[in-house]
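A.B. asks: Residues per chain are reported as follows:
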Amino acid sequence: MNKVLMKGNEALAEGAILAGCRGFFGYPITPSSEIAEYMARKLPKIGGIFVQAESELAAINMVYGGAATGTRVMTASSGPGLSLKQEGISFISEAELPCLIVNISRGGPGLGGIQPSQGDYFQATRGGGHGDYHTMVLAPASTQEMMDFAILGYELADRYRIPVVIMAEGTLGNLMEPVIVRDEVTSFVEKPWAISGCQGRKPNIVNTLHLTAEVLEQRNRHLFSKYKEIQANEKRAETFMVEDADIVVVAFGLLARVIKRSVIDARKHGVKAGLIRPITLWPFPDEHIKSVADTCKVMLSMEISMGQMVQDIRLAVEGKVPVEFYGRIGFLPNPEELAQEIIAVAERKGL
Amino acid sequence: MATIFKRPESLTDAKFHYCPGCTHGIIHRLVAECLDELNIREKTVGICPVGCSVLAYEYFNCDMLEAAHGRAPAIATAIKRLKPDCYLFTYQGDGDLASIGMGEIVHASARGEKISVFFINNTLYGMTGGQMAPTTLLGQVATTCPYGRKVENEGYPVKMAELLAGNEGSAYISRVAVNSPANVVKAKKAIKKAFETQAKGLGFSMVEILSTCPTNWGLNPVDAMKWMEDNMIPYYPLGEFKVKEER
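Residue numbers (this note's numbering), protein chains in the order written: chain X, 1 to 351; chain B, 352 to 598.
Some clues are possibly wrong.
Stated by the list, open to error - List time: in silico EDC-like cross-link candidates among lysine to aspartate or glutamate, alpha-carbon distance up to 20 Å:
#: 1; chain 1: X; residue 1: Lys-191; chain 2: B; residue 2: Glu-596
#: 2; chain 1: B; residue 1: Lys-551; chain 2: B; residue 2: Asp-581
#: 3; chain 1: X; residue 1: Lys-202; chain 2: B; residue 2: Glu-409
#: 4; chain 1: X; residue 1: Lys-260; chain 2: X; residue 2: Glu-336
#: 5; chain 1: X; residue 1: Lys-202; chain 2: B; residue 2: Glu-360
#: 6; chain 1: X; residue 1: Lys-202; chain 2: B; residue 2: Glu-393
#: 7; chain 1: X; residue 1: Lys-202; chain 2: B; residue 2: Glu-596
Derived from the structure by calculation, the hints contain no laboratory data.
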């Protein structure tokens, strides 16, 4: 077991390499640049390709081309960059090409700031670009998960032929923690659809244009039957002290890890609190949430945004319990502040 | 009986959708003949654009990818880097390459990407119905410059071959036209040279091919060829702008 001290961004990059990533295409942006820098150092030494693209648009289109060859490829960016990449993500989703897209999130809108944020939740979970589609979205909460989810991300991407987004707050990208370095992935799925010259077979075509309405509808139905399968198989969440909880906090990412302390503190004050941490933001783990809606009295969505995931929670509970919201912008709140808020909500609700 | 003329193996038997008198058909054939003659069809990946040739993936009998508007050079970059034994070509129009894809083409050239770009310049956006392109000539009428292109309003037409020839990474840059049998033969030679430049690993190659759009120019095919000779070739001179012989 090899345990080393790593930054979140580096752990993610190393995880991708262990998973067989051999192509990185990116454009510098704070707070994600360490991923590109790590790849620029490592990939050329192991027969991989690193290209610093001229723009985010070019970077995501390099990912489009790279993924089309069947190679495990990736890009990493942050909010303003992810906005530019949406064109390509829509194409990649329709072409059903597996790849990894990383959003080390910062606050917006506009240039916003370079402090941590979860404000790209809507963009990440609703597809983000034009047309009807979804990407899978994983939200790590530790440096270890930055590495593990890069490996998991490629596995899911290949299995479902879908772009997988890893979304982590900027703080997590820059957080140093001990990481158990995982084994190298050695088994890969066949990709008979890949384009790399048609020697010995009929030409393959990667295309997203469907001019007849019937074919286009069929394509959309195909994508959504795949999404249904993903929703059936891949919803993931961590639950913490929810069994007897009157108030269940829902939070993701590094913020959720901070809230574990707040939940314990609230319990010391006599408030029976618990936590659900969605790990897949899409597919949203609504069943995990539904399963506690019968036993808890109130839910509280805590986010580093003005309130985005709270809408998915309300859809999941279908009015069975009230869903409150607490959000901050631009920084990771401390556990004391969050515990006070949990206690205040409990008091307001007469718990 | 000896076969003296046939469809190149690098073209499928799909029927072209192009308008009467459009030169895409000629250029498709020239590219396909070169793939055949160089025996590289099975190693080739073609990237088609958004524009009239958006359906080129149905016509070329090799691995193909349909790109977003202007992004073909970025896509080709990644494929070539990951699969260096493949031959990569992009097939792009003037709106695709010289307008929305200006960033991608300039940087692919600057990096010296070992890809071959076939740039079809017909001075306007054909598929969307004849809007102004960066290559629309001064005085030329298009649906979005209905009173004719004016310097004060739309600036000067962009000369892509001259622009890209200035990049160190460009190894072969030429401009040809397909308005006469003699020029068609020259165009084919240039296309072949672009692939040969790629084979030698010399760097980026682009052939700008002056083309006609009888439909949107409002001319019959014969007059369209004449219009190209009288108006396009004087502003977009034919010839080789960059020929690198060694790395």
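A.B. asks: The structure should be examined with respect to each hint, and the outcome stated for every one.
C.D. replies: Tested hints:
{"no.": "1", "hint": "X:Lys-191 / B:Glu-596", "verdict": "violated (38 Å)"}
{"no.": "2", "hint": "B:Lys-551 / B:Asp-581", "verdict": "violated (37 Å)"}
{"no.": "3", "hint": "X:Lys-202 / B:Glu-409", "verdict": "holds (13 Å)"}
{"no.": "4", "hint": "X:Lys-260 / X:Glu-336", "verdict": "holds (11 Å)"}
{"no.": "5", "hint": "X:Lys-202 / B:Glu-360", "verdict": "holds (12 Å)"}
{"no.": "6", "hint": "X:Lys-202 / B:Glu-393", "verdict": "holds (9 Å)"}
{"no.": "7", "hint": "X:Lys-202 / B:Glu-596", "verdict": "violated (35 Å)"}
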